[in-house]
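> Chain by chain, the residues run as shown.
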Amino acid sequence: MTATLEVINPVEPFLRTERMPHIWCPGCGIGTTVNCFTRALLESKADLDKVAIVSGIGCTGRVAGYLRLDSFHTTHGRAIPFATGLKLANPELQVVVYSGDGDLSAIGGNHLIHAARRNMDLKVICVNNLIYAMTGGQTAPTTPATAITSTAPYGAFDPTFNLPSLVEAAGACYVARWTTFHVRQLARSMAEVFNKRGFCFIEVLSPCPTLYQRRNKLGDGLDTMKYYKEKSKVKNGAPTSEVGLSKDGEIIVGKFVDRDRPDYLELMKGRLSEQLGERYAEVGNLLCS
Amino acid sequence: MAAGARFAAGYPITPSTEVVERFAARIPTVGGAFIQMEDELAASITILGAVWGGAKAFTVTSGPGFSLMMEHIGFAVMTETPCVFVNVQRGGPSTGLPTLPAQSDMMQARWGSHGDYEIIALSPNSPQECFDLTIRAFNLSEEFRTPVMFMMDECVGHMTEKVVIPPADQIEIYPRRRTTKAGLAYKPYEPDADLIPAMAHAGEGHRFHMTGLTHDERGYPGMNVPTQDKLIRRLQQKITRQAARLTMVDEANVEDADVVVVSYGITSRVAQRAIDMARQSGVKVGRCRLICCWPFPDAHIAELAKTAKAFVVPEINLGQMAREVERAAGGRARTIPVTHAGGSVHRPEDIYNAIMEAAR
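Chains as they are written, first to last, in this note's numbering: chain R, 1 to 289; chain P, 290 to 649.
So here's chain P without its partners, still in its complex pose (with noise of 0.2 Å):
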């Protein structure tokens, strides 16, 4: 609601209804509303619709609901719907471990609707952090016209802390990008310099169309190979033109680290601990928290691999952000993945013996 969200359609799924629920409680005495949809298929386009109808708006899932979503985050990709699709992420395949953590679906968060298309995915680690970055989320998606993956787990989830919310003025929010076009003058796909349209909602007179089809800057359907290149490479470009400022990262100690733990999550508190153990037993290790994981931050990452001997990816999950980060270090560092199949955190001691490895 701080972020502007005045809306937000859902589906009740373990780990994650908690969200919803306090948004039905508080959205009615803001202005706003919440509809409690028959699947996640429906509350996945609901929010669609009304974000076109001029809300900002987001839905909450996990697992298997986030299954059930990706038609739409692909739709939403296509449409370029400013959206934030919340995953409190649980075990799975299939309905797996309904109420325990996991981060295997991140992934899926990237490429899981069909077709190519690039996409941002934050992840917090801390209550104070779901707050902030949520946010961050929202203004992302309307910046860059692009639905926003946030990407939470069981136990940042269901985490209790301390939050500080600052005063509503200091919020920094980013408007929605509407057309100064009156009426039929308006073309709902033609892009800005930086490759992103301005947007229009209905009811104003423009009287547009949109379509999920391959459309030209019309929004009409183009069925032939350059409407297709020309908007898919569109679409890919104005997230990877950027990719760089998209670069969020937490870090600590990598500038003479010999070993540098990439985690992100709730998996990167545990991986705190196994540092401490490990500078503690006179190891330079650095610490690299993703906080943006899609795009991947390449570029930082190849960086670091300059300096460092090897990365320690621990996640929870057989190992998918750590093949990122071997394809980013391109061979100049070696990569340790830390798996777990999901359920609970690692133990400190798991991802302290890989960096020993690593280390040596």
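Just chain R, same shape as in the assembly (with noise of 0.2 Å):
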């Protein structure tokens, strides 16, 4: 008698297996945080037919393509303002941006900032290695001063952003930093911000073995989450002026920011409404013929 033992990995359903394998490196941090996301949807029981993913250009970028859900790998830079016409066209629609730290903060930053400015009801993603990892391991705006990176050899020296503070200063609703050691925070938070209206940021602090550690002797994929597992502190609520990160320094995790401030759509209807009384048609899912 023959037994035969099929073990179906939970998170399965929620990707495209036909696509697999994919193109990250051994050690890297993004299947990680696909993992995480995929466990949040479980957990947040959102109706999958309902949430759609947008992801930049880069290796994070690449989500979006692996996830069976309404997908959408736009251009660099641009996955927000795609997810703002996609979320205000058809409000419905639970929008996760899914991109790197590149294509968020250094050619689509100015998106960024609007887009908390505006609080579009949007849940971000920013998945940080710290450098461009796609194109070969060039300087960020997060690449921490003395790291090595293909474009700056001597090691880097221009200042960098703290995320976290970046998006709180332009007006962000949550919050959260984690690592990819911190698997279940980071799926909690994923699945908490499926339950916040507005502007949600979530950076994930993951390594590139390939490109960021290998240069700076940091050892690979295990060596990295030792290093996190040490380095990290978690500090919820902590000021997000002071967590902002260096090369060898302290990492402070945790839930930041989570406050409320009505959204562009509530703030949209409630002033059209207010103007224009009767006459003021709702924008509702806009369809078209």
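What the hints contain is simulated information worked out from the structure, not anything from laboratory work.
Bear in mind the structure is a predicted one, so any value in this text is a computation, not a measurement.
Even for Gly, the Cβ is constructed at its ideal location relative to N, Cα and C.
Certain hints may be false.
[Stated by the list, open to error] Just a few of them, taken from the derived set where beta-carbon distance is under 8 Å, the chain P residues facing chain R:
| # | residue |
| --- | --- |
| 1 | Thr335 |
| 2 | Ala344 |
| 3 | Pro387 |
| 4 | Gly492 |
| 5 | Asp639 |
Combine the two chains into a complex, taking the hints into account.
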């Protein structure tokens, strides 16, 4: 008698398995974040037909293509404005922006702060590997001083963005940071933002063993997990001005901001109905004929 | 709005801003949205997001803004996103002449984004045509699933004239080509017989993927020569195969003309004065006004070149469409450009003189 043992990974239904293997390197943290994201989908019991995922360009930009959701792999830096159009045309959608630090904060930096300012109802997952990985490990606005990159062979020296502080100042109503070591906390944060209205931002520190860790002699993916474990300190509610990252310093993680303010659609509806009264035709689903 | 547009995103730029100002005032009473974005890069992709969310959408810009939108014109071509880009042309390059007319973005409309692609571009010459052709532009974008360039110029953009707006039920609207396939059976880039695929919107249960990367019929990236060849040729051929049907010209007296004046936009109205003057001088001169500039009406110009001796091509640039006329004429008739660097319309006399020279 032969027994067939079939084990299905609980995240498998969320993935486009026909697209595997994925392009990410061994030890890369992006897959870990995707795992957390699918667990968050599972936990939040979101209607998957109403969840859309939008990515920009880069290693993390490839996430959209691997998730079995309505998925949009857009242009470099412009995932947020695409997601803005998607959300406004169909407010029923839960729109997730999943992209990297270079895509979101450099080429897309203007859109990041303006979407936060508007409090657009978008859930932004920013995988931060401290460099441009897809193109070979160049300096990003997040590269800490003295770190070696392919375009900073003598070590980076320009000051970095502190992303939680940036988006909080711009108006985000939920801001958290975790590392790929903090899988449970990350999945919980991801599930939490599904039930939060407005602009939500989760930064996930993630290793790029091929280009960042190797060049900076920080070991492989596993070494980075140990590093994250050692250097991280959970400080929920920490003032975002104090959570800036450095090359070797402490990594402050946690949920920093969780506040409520009316989102763009509420503000639009409020103002227009106040001014136009019965003449106002509310933006519903703009589905065309 | 008559064309079914319910979404616009824009960034202010002279001399185009009036379009979104009016839209912003009207659309909340119709059920739609306008959003002012932080720049043209954002505006030009926000509309694409809205299209995939189910709306018919457009943006409006001019010169420098059009330059910034190029990336997303290419993205719209690649992802087959129906939408309309309105460009109220002003003098360039760079900041140029913000308040004054030009027609110098015609080649940018055709070739501005990187890579090989076909485009559709319409050029109105009156407020009435701005109304009628905008509807046409939306319809063509939906039929071909491609961005359509709506190439105005500052003069036409700011012109005041009588416009007859037909009753809504007499306006023909091309509906979005929606897929009839349910769920995962839908392949977003599986073309119909006319090479154009049916579309789905986010939130309908298809869980489809789209990307600006070279992709197969499932919408999945395929980084190889056969996938690239198949996709890029289909994107081109879905338009070129129907190029003859896309030819839109407004003509008079071309049958026995020795000289045909080929023009478009505001210049066609100045050219008409020159044509009238030349006909009074006894020259057999005809008018061929391009309404659809891209795809260029090659076959039509070649046909005219069989009987005409010469084409006179006035345009507010240093000879962009004139080169197309010359190419299409294939040496059978001379092409005489009447150039203008921008900032005003031509003097009719300059066009008249070119006609007289051509007739000699």
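> All the hints need checking, so say for each whether the structure fits it.
Hint check:
At a threshold of 8 Å, the smallest CB-CB gap from P/Thr335 to chain R is about 4 Å, leaving the interface hint in force. Using the Cβ-Cβ criterion of 8 Å, the hint placing P/Ala344 at the interface with chain R is satisfied: the shortest such distance is roughly 4 Å. Here the hint on P/Pro387 is broken, as its CB sits about 22 Å from the closest CB of chain R, past 8 Å. At a threshold of 8 Å, the smallest CB-CB gap from P/Gly492 to chain R is about 5 Å, leaving the interface hint in force.
Interface hint at P/Asp639: violated, since its Cβ lies 43 Å from the closest Cβ of chain R, which is beyond the 8 Å cut-off.
Hint compliance for this structure: hints 3, 5 are broken, all remaining hints hold.
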